[in-house]
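K.L.:
What follows is each chain in one-letter form.
2 protein chains.
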Amino acid sequence: MQAWKDYLDQHKDRFLEELLQLLRIPSVSARSEHKGDMIACANAVKQRLEEAGADTVAIYQTAGHPVVFAEKKTDASKPTVLVYGHYDVQPPDPLELWHSGPFEPVIKDGKIYARGSADDKGQFYMHVKALEIFTKTASLPVNIKFLIEGEEEIGSSHLEDFVKANKELLKADVVLISDTAMLSMQNPSIDVGVRGLSYIEVEVTGPNRDLHSGVYGGAVANPITILAKMIASLHDENNHVTIPHFYDDVVESSAAERAEMAKAPYDEEEYKNDLGVKELWGEKGYTTNERTGIRPTLEVNGIWGGYTGEGAKTVLPSKAHAKISCRLVPNQKHQVITKLVIDHLKKIAPPSVTVKAEEHHGGDPYLTPMDSVEYKAAAKALETAFGKPPIPVRGGGSIPITALFESELNCKTVFLGFGLDSDNLHSPNEKFELFNFYKGIETIPYFHQYYAEMKG
Amino acid sequence: MQAWKDYLDQHKDRFLEELLQLLRIPSVSARSEHKGDMIACANAVKQRLEEAGADTVAIYQTAGHPVVFAEKKTDASKPTVLVYGHYDVQPPDPLELWHSGPFEPVIKDGKIYARGSADDKGQFYMHVKALEIFTKTASLPVNIKFLIEGEEEIGSSHLEDFVKANKELLKADVVLISDTAMLSMQNPSIDVGVRGLSYIEVEVTGPNRDLHSGVYGGAVANPITILAKMIASLHDENNHVTIPHFYDDVVESSAAERAEMAKAPYDEEEYKNDLGVKELWGEKGYTTNERTGIRPTLEVNGIWGGYTGEGAKTVLPSKAHAKISCRLVPNQKHQVITKLVIDHLKKIAPPSVTVKAEEHHGGDPYLTPMDSVEYKAAAKALETAFGKPPIPVRGGGSIPITALFESELNCKTVFLGFGLDSDNLHSPNEKFELFNFYKGIETIPYFHQYYAEMKG
Numbered sequence: 124m125q126a127w128k129d130y131l132d133q134h135k136d137r138f139l140e141e142l143l144q145l146l147r148i149p150s151v152s153a154r155s156e157h158k159g160d161m162i163a164c165a166n167a168v169k170q171r172l173e174e175a176g177a178d179t180v181a182i183y184q185t186a187g188h189p190v191v192f193a194e195k196k197t198d199a200s201k202p203t204v205l206v207y208g209h210y211d212v213q214p215p216d217p218l219e220l221w222h223s224g225p226f227e228p229v230i231k232d233g234k235i236y237a238r239g240s241a242d243d244k245g246q247f248y249m250h251v252k253a254l255e256i257f258t259k260t261a262s263l264p265v266n267i268k269f270l271i272e273g274e275e276e277i278g279s280s281h282l283e284d285f286v287k288a289n290k291e292l293l294k295a296d297v298v299l300i301s302d303t304a305m306l307s308m309q310n311p312s313i314d315v316g317v318r319g320l321s322y323i324e325v326e327v328t329g330p331n332r333d334l335h336s337g338v339y340g341g342a343v344a345n346p347i348t349i350l351a352k353m354i355a356s357l358h359d360e361n362n363h364v365t366i367p368h369f370y371d372d373v374v375e376s377s378a379a380e381r382a383e384m385a386k387a388p389y390d391e392e393e394y395k396n397d398l399g400v401k402e403l404w405g406e407k408g409y410t411t412n413e414r415t416g417i418r419p420t421l422e423v424n425g426i427w428g429g430y431t432g433e434g435a436k437t438v439l440p441s442k443a444h445a446k447i448s449c450r451l452v453p454n455q456k457h458q459v460i461t462k463l464v465i466d467h468l469k470k471i472a473p474p475s476v477t478v479k480a481e482e483h484h485g486g487d488p489y490l491t492p493m494d495s496v497e498y499k500a501a502a503k504a505l506e507t508a509f510g511k512p513p514i515p516v517r518g519g520g521s522i523p524i525t526a527l528f529e530s531e532l533n534c535k536t537v538f539l540g541f542g543l544d545s546d547n548l549h550s551p552n553e554k555f556e557l558f559n560f561y562k563g564i565e566t567i568p569y570f571h572q573y574y575a576e577m578k579g
Numbered sequence: 124m125q126a127w128k129d130y131l132d133q134h135k136d137r138f139l140e141e142l143l144q145l146l147r148i149p150s151v152s153a154r155s156e157h158k159g160d161m162i163a164c165a166n167a168v169k170q171r172l173e174e175a176g177a178d179t180v181a182i183y184q185t186a187g188h189p190v191v192f193a194e195k196k197t198d199a200s201k202p203t204v205l206v207y208g209h210y211d212v213q214p215p216d217p218l219e220l221w222h223s224g225p226f227e228p229v230i231k232d233g234k235i236y237a238r239g240s241a242d243d244k245g246q247f248y249m250h251v252k253a254l255e256i257f258t259k260t261a262s263l264p265v266n267i268k269f270l271i272e273g274e275e276e277i278g279s280s281h282l283e284d285f286v287k288a289n290k291e292l293l294k295a296d297v298v299l300i301s302d303t304a305m306l307s308m309q310n311p312s313i314d315v316g317v318r319g320l321s322y323i324e325v326e327v328t329g330p331n332r333d334l335h336s337g338v339y340g341g342a343v344a345n346p347i348t349i350l351a352k353m354i355a356s357l358h359d360e361n362n363h364v365t366i367p368h369f370y371d372d373v374v375e376s377s378a379a380e381r382a383e384m385a386k387a388p389y390d391e392e393e394y395k396n397d398l399g400v401k402e403l404w405g406e407k408g409y410t411t412n413e414r415t416g417i418r419p420t421l422e423v424n425g426i427w428g429g430y431t432g433e434g435a436k437t438v439l440p441s442k443a444h445a446k447i448s449c450r451l452v453p454n455q456k457h458q459v460i461t462k463l464v465i466d467h468l469k470k471i472a473p474p475s476v477t478v479k480a481e482e483h484h485g486g487d488p489y490l491t492p493m494d495s496v497e498y499k500a501a502a503k504a505l506e507t508a509f510g511k512p513p514i515p516v517r518g519g520g521s522i523p524i525t526a527l528f529e530s531e532l533n534c535k536t537v538f539l540g541f542g543l544d545s546d547n548l549h550s551p552n553e554k555f556e557l558f559n560f561y562k563g564i565e566t567i568p569y570f571h572q573y574y575a576e577m578k579g
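Taken in sequence, the protein lines are chains C and P.
All residue numbers for the first sequence refer to this note's numbering, where the first residue is 124 and numbers rise by one.
All residue numbers for the second sequence refer to this note's numbering, where the first residue is 124 and numbers rise by one.
Keep in mind the hints are simulated off the structure, nothing from the lab.
From a predicted model like this one, the values you see are computed outputs, not experimental measurements.
One or more hints might be untrue.
No distinction is drawn between identical chains; accordingly, a pair holds when it is met within one copy or between any pair of copies.
[What the hints assert, rightly or not] The list that follows gives simulated cross-link-like pairs (lysine-lysine, DSSO-like), each with its CA atoms no further than 27 Å apart:
no., residue 1, residue 2
1, Lys352, Lys469
2, Lys562, Lys201
3, Lys401, Lys479
4, Lys511, Lys386
5, Lys469, Lys401
6, Lys352, Lys479
7, Lys407, Lys352
8, Lys395, Lys479
9, Lys469, Lys395
10, Lys395, Lys470
Build the full structure now, drawing on both the sequences and the hints.
P.N.:
Laid out in structure tokens, this is it:
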């Protein structure tokens with residue numbers, strides 16, 4: 124294994140430079156004006172996989188953004204690992220809060236600042252470099268496939284069709300994903316689950332046109348006020364979601380599981396200081412880690428209506444809008460929750476307004492069994508690289524496609540994430556620690572090694 | 124009086140063309156990029172007043188947009204009428220809902236479509252043309268002054284200083300304002316009051332940066348949710364404003380006054396159909412006309428926070444904002460209400476967020492006594508022009524400076540408005556009926572005539 128480490132040491136500057144090139148491509152999947160950038164990014168990923176030594180690399184068109192697939196065959200008797208990642212990124216807004224351009228990566232204090240540095244270009248690229256190390260040192264202990272998509276940040280809308288249509292191509296023994304975080308480099312951890320997602324947009328219409336708030340104010344329902352009342356009613360005084368049947372399918376964690384989770388290091392003062400808040404907020408009866416891990420949530424991601432410009436305008440607007448998403452836990456189903464939320468919003472709206480609500484996208488939650496070979500190989504890899512066993516945690520984010528891999532490809536997923544919660548994912552000044560980038564490239568070969576041994 | 128009418132008939136096409144020229148100037152006081160247009164508009168108003176025969180016309184600079192003053196002296200023994208109006212207009216947004224350009228006036232079906240056509244360029248310009256008629260027919264029965272300002276739509280922020288510093292210049296027996304509406308041309312009416320205004324902007328801050336709604340959602344207060352809860356709590360189940368002491372200074376109308384108001388024609392089905400709503404909304408125990416006339420209100424004029432662009436972004440935002448305004452009735456004071464609202468918002472915010480709230484502008488409500496010479500002269504003028512006595516109504520809008528005229532100039536204001544509620548004030552497709560424009564020019568000379576007779 125020393126050969127792997129030596130190779131990494133000799134080429135680390137080039138590895139970083141290649142990542143920075145990827146980060147300079149503004150591959151924002153949500154915005155139609157970046158369609159060309161998405162194609163350029165897929166092509167760049169394809170080229171890097173070829174250079175890393177994959178036998179076959181191909182770009183597959185979908186009804187949305189293209190998918191990059193690659194394969195390196197070693198030996199049919201060895202297990203096959205499918206690495207999943209995504210080359211698309213979140214929109215960079217609000218731009219004015221970035222200290223440097225979101226697509227002009229800057230290295231500062233050992234951190235790579237750029238949109239996508241941690242989520243997920245920096246993380247999937249560790250796997251591309253691990254492949255290079257294996258091929259250059261002629262030591263790949265598994266067969267390896269790559270599925271790098273361009274729609275993770277918009278719900279993997281077209282990946283489902285792609286997976287269903289290409290089961291043979293994607294056939295594997297395990298799916299390996301680096302798109303999550305660790306507690307810290309001192310406290311390596313493994314996300315044993317990701318939450319599902321149900322994302323909707325709602326439009327409340329009051330009068331058929333914007334009105335003068337003096338002439339009509341007080342006599343006609345204001346859609347902003349009504350939307351505010353609807354949103355306000357979605358959580359009760361214990362911050363429990365009030366939508367009927369919302370919690371019906373939630374698998375309650377056992378006291379033993381919760382006790383195990385509570386062992387993860389957590390300092391509430393530090394957590395509050397980092398966020399700049401005086402007080403936390405959340406569902407009564409659960410700790411912060413439970414609230415973001417084992418409990419479903421409902422958050423408003425955006426709201427707008429009426430006059431939002433400079434100065435004052437005395438308008439009673441015709442419409443108000445909100446984007447609302449729920450994070451889901453086993454065994455909630457996103458289709459069920461999406462319907463519950465939409466039906467509920469329509470039901471609670473008074474007759475003085477009309478409500479339109481539509482799904483943006485969704486995905487089901489996923490749990491990696493801790494007694495599986497997949498989890499054990501990942502845990503051993505981390506223990507080898509970090510010198511201490513990882514803490515299993517339940518991740519708060521979502522990787523919508525994971526549940527589909529299980530149902531369509533019939534294989535487990537393991538999350539080998541090297542980000543940190545402080546990486547400002549989806550926020551201005553997203554960053555990825557250089558240390559984590561290199562530590563990830565060092566750890567990944569151990570996973571393949573141990574997985575081949577345990578599986579074999 | 125036939126001479127007046129003949130003159131109007133002979134020159135009506137030119138009068139209209141002059142108004143259209145004024146409407147082409149985008150004098151949006153709220154937007155700093157229109158500063159040059161504001162100066163151009165003030166100059167155009169000055170020129171038209173000179174052409175109409177005023178003895179002195181001058182532009183006065185203020186700390187904000189300039190004020191146009193004009194005077195036509197007839198006879199020191201005759202009473203002096205001060206005509207107040209404003210050349211500034213509301214922002215035209217949302218632009219996409221206009222059928223033609225807001226500053227490209229179009230005449231269609233007997234209506235002038237343009238921002239400012241009714242509010243207030245079309246209405247104050249009737250007075251400029253009435254002056255021309257008097258000077259050309261050598262028959263002005265009063266002395267007349269004009270005060271046409273450029274900040275009415277942003278709260279007349281600097282007019283207070285101007286009025287206080289120029290009491291002698293502005294000295295008059297009555298203030299005459301055409302900036303309100305009539306019930307209809309079949310049902311002429313006079314607004315005997317305007318509501319006051321208290322306009323604030325509130326900013327709610329949760330975490331110190333935008334967060335990933337999966338990683339942090341459920342554990343940190345979402346400022347949109349908190350703002351929604353705050354807004355939702357401002358009205359109770361009877362749509363009564365819940366802010367303590369909000370109604371303390373409200374003068375309750377007597378049963379007799381309410382019975383008189385109830386005589387105004389009102390068809391609820393027609394009202395709902397015009398607005399496209401299935402059900403009205405308002406304070407329990409009051410009719411629609413009372414809700415918009417004798418009762419104070421609280422409306423949200425704008426709200427924004429989080430991701431409002433195309434597609435989906437799973438963000439838990441740092442900030443959420445709202446613009447909120449109250450309409451006030453006698454004897455509420457805008458400074459008192461503004462403080463009540465700001466203090467209340469800060470008080471009800473949970474410790475998990477911080478709240479900033481600031482005043483945009485305000486003004487006190489005003490009532491014209493119905494037993495005054497001023498009201499009687501206006502009522503007689505309308506009766507003469509329309510052939511039936513006007514119905515006294517309480518207007519819902521605000522003319523923030525009116526209360527100041529009473530306190531500083533010690534004279535009553537009378538509202539001789541020729542707009543209609545359906546004029547789309549502050550909304551896309553603002554219009555002013557050609558019939559109303561000409562009928563206004565015809566009616567105004569009667570007011571001067573009767574006022575001179577009654578006062579003399």
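K.L.:
Which earlier hints turn out false for this structure, listed by number in ascending order?
P.N.:
Checked against the structure, no hint fails, so every one of them is satisfied.
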